[in-house]
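Peer 1: As they're listed, the protein sequences go chains A and B.
Here our numbering is used: the first sequence runs in plain steps of one and ends on residue 462.
Here our numbering is used: the second sequence runs in plain steps of one and ends on residue 324.
Nothing false has been slipped in among the hints.
Here are a few chain A residues that face chain B, going by a calculated C-beta distance under 10 angstroms:
no.: 1; residue: 163
no.: 2; residue: 165
no.: 3; residue: 198
In case anyone wonders, no lab produced these hints; they're calculated from the structure.
Virtual Cβ for every residue (Gly too), placed ideally from N, Cα, C.
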Amino acid sequence: MLYVYKFGGTSISDASRIKHVAKIATDKRKKIVVCSALDGVTEKLIHLAELASRGRETDVTHLIGEVNSLHSTLLDGAIASKEAREEASKRIKEVVEHLTVISTACARVREVTPKERDAILSCGEMLSSPILSAAITERGADSLYMTGGEAGIVTDDNFGDAVPIFEMTYHNIKRKVLPLVESGKIPVVAGYTAKTQHGDISTLGRGGSDYTATLIGAAVRAEEVILWSDVDGLMTADPRIVNEARVIDEVSYAEAREMAMFGAKSMHPRCLDPAEEFGIKVRFKNTFKPEGSGTLVKKSAKISGAVRAVLLVRDASAITVKGTSMVGKPGSAASIFNQVAKTGTNIMMISQSVSESNISFVVRRDGARRAARALERTMLSSGELASISVEDDISVVATIGENMKGTPGIAAILFRALADRGINVKMIAQGSSEMNISIVVDEIDGIEAVRAIHKAFGLDLL
Amino acid sequence: MRLLIVGFGNVGRSLARLISKEEEYSGKIRVVCIADSKTQIVSNSGLDLADVIRRKEERGTVGDERRVELKELIERCDPDTVVELTNTNPVDGEPGFSHIRDAIVSGRDVVTANKGPIAIGFHALRELALRNRVQLRYSGTVGAGTPILDFGKTCSRGDKIMSIKGILNSTSNYVLSLMESKGVNMREAIDAARKEGYAEADVTMDISGRDSALKLVIIANHLLGTRITPEEVKTTGIEHIELNAIRKALKKGKRIRLVANAGSDYTVSPQELDESDPLCVSGPMNSFCIKCKYSGEKYVIGKGAGGMETAVAVLRDILSIGGR
Ligand SMILES: NC(=O)c1ccc[n+]([C@@H]2O[C@H](COP(=O)([O-])OP(=O)(O)OC[C@H]3O[C@@H](n4cnc5c(N)ncnc54)[C@H](OP(=O)(O)O)[C@@H]3O)[C@@H](O)[C@H]2O)c1
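Chain A with its partners taken away, still in its complex shape (with noise of 0.2 angstroms):
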């Protein structure tokens, strides 16, 4: 029985950390350790890159510094005996030279191209990863570190967010890593990178540390991937809002992606599809709390009651688009939708008034102006549509679980505690999966409106 541990940001961010993983990371069980960036260092390669395109060499070459030493700090606090760290500290070095090279060069020509920056933003990954691995290799296990591409992960060439080519993936991991599990190793590999079939760097986009754990764990078909968070799962609430809310111990596949979706916890949007294709097990558990069980996402997960979840997304801003020309001119909607998703942002719902000049959709409010000014550059210019209109005080409230399908009544329920609550509710929309129903409310009343669907649910009670 073969698992896939990957850590989070948070869980390697100070040398006891490290320690207490490696701890982890040092059980019986046979594993591949997957691990991200240092916490907040994937921001700072992210403006690394912001600032190379800008020309900004000496603020590049100062951030570099910052980075380096961070790495090295930490190395030298986390392990104690000089020839554990000589490894690591000869791959930081390395990957700190490449990572000058190629930011220097970019702000000579103040350019950043999609490959460049990915060859920029893998580096945390590879800062880290050897780190860890030298702490575990101090335990006494064997451990050997590999980025992604080493490890045998293949994209396409779509820099920043790119598609794995899975059966290639599955077949490499399969002859590279698994031996050396099989023979007592330990690898560490760096989340997130990868690399193109034509021998490129290239990154698996955001949350794509857990992308890595979720493709290894199928290529070697694991008994379970574990991603060790500072979270203790997926919850029934944000605990920060709701008191009562409490760990859900199993969910499925579908339930979790959706749980995703609307923030239960930043995981990448595609990381369960390779585990679910091989009913490969995903434990979401707390570094921290290594005694809690955690979350588990299996095939037929055991599913008690119709709602799981409630889950508020703050930070959104509603769309409203308007287009006499649009009634009856079929396509119009998906054509809008399409200019959106062109500017790399993510629609949560969508609801259409009956005559259908008029169409609103939410989504995330950093991405909400740039939608609207693609909206504006096309479809406004051309005269397909008459306004459009940004309304930013807004939060979205989703309530999720995969039995509310079948289930009669719910609504009812929902929007009776909403009412008991004199909550206004200004936009309305089922997932086609019957899987959530999401609501729009005013800002200030987002943290009630979760609060009081919680209740009328009794997830508190459970």
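Position chain B with the ligand relative to chain A; hints supplied.
Peer 2: Just chain B with the ligand, lined up with the frame of chain A:
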């Protein structure tokens, strides 16, 4: 069409002969590069195939220049199809696997008769071809010139294939048939097979059942949509079959054959077949039985080995890509 042929042994040379002999093909197909294990020869306007065959047979190599990487050759002579005909490696599929991968990644269509990489990396190579929008054809890997894969695909349209059974290795079948008809032991039968050109110097792959297992994997993955690997085929060879057992079976009206089976499980093993069973062929023949859910059993019988037979399958694949 511009072809790059890598591997110029029995099948490679037969293919070259076939193309140069028939004007219908030589007009359409230009071979711009041929590589063997040590050298290569390149001509952008098309090689004189008879000349290259002669060189290879006289001097052992096709060219004078030391082998360079396939990717570089592709860049140099810009073929649209790479034909992979190197030796089958049952362990990791190399060098064929890398050749096919590199050709696909360089955006070229690929035709191969090499079982190793297709059996070992079936889904990996197929997905890679799909994602790179190129064709990957391998009908010569099974049944030599007998188009079993295409036949099976046709059977599966409008029906469902439930199981596939067959005699997939000519050498072992020839050996068993000879023991049966001439009353010789296995060693003598193998020697005779070599003399007749039905066995290579090394017969381990054939006798151990591994060659049949590789072919079974290709057939099952191609026709049943499974994802099995050669290790998952329970394989027993014929190395321990004694003349006595063959004689005993004969008395009962049965013959011992090395049968591969894909259905509820995947096996290659010696089995006693009824003499009257259409599957029960003798000599260097292959036989296949495809059992469909609604339309029942269908049999295909044909010669299962030979350089020219395999070259025909390869040419068929090349032409179907060209005519696409
Ligand atoms: N013969 C059949 O009946 C038959 C039937 C079905 C399928 N096949 C398959 O077809 C393939 C070819 O069979 P064959 O009978 O032609 O084999 P073969 O006579 O042994 O020829 C193999 C050829 O591959 C070349 N080669 C080996 N390594 C190479 C490398 N790294 N780069 C370039 N060339 C390399 C060899 O070069 P050198 O000449 O320099 O040694 C030789 O020319 C095999 O995979 C076989 O399993 C054969």
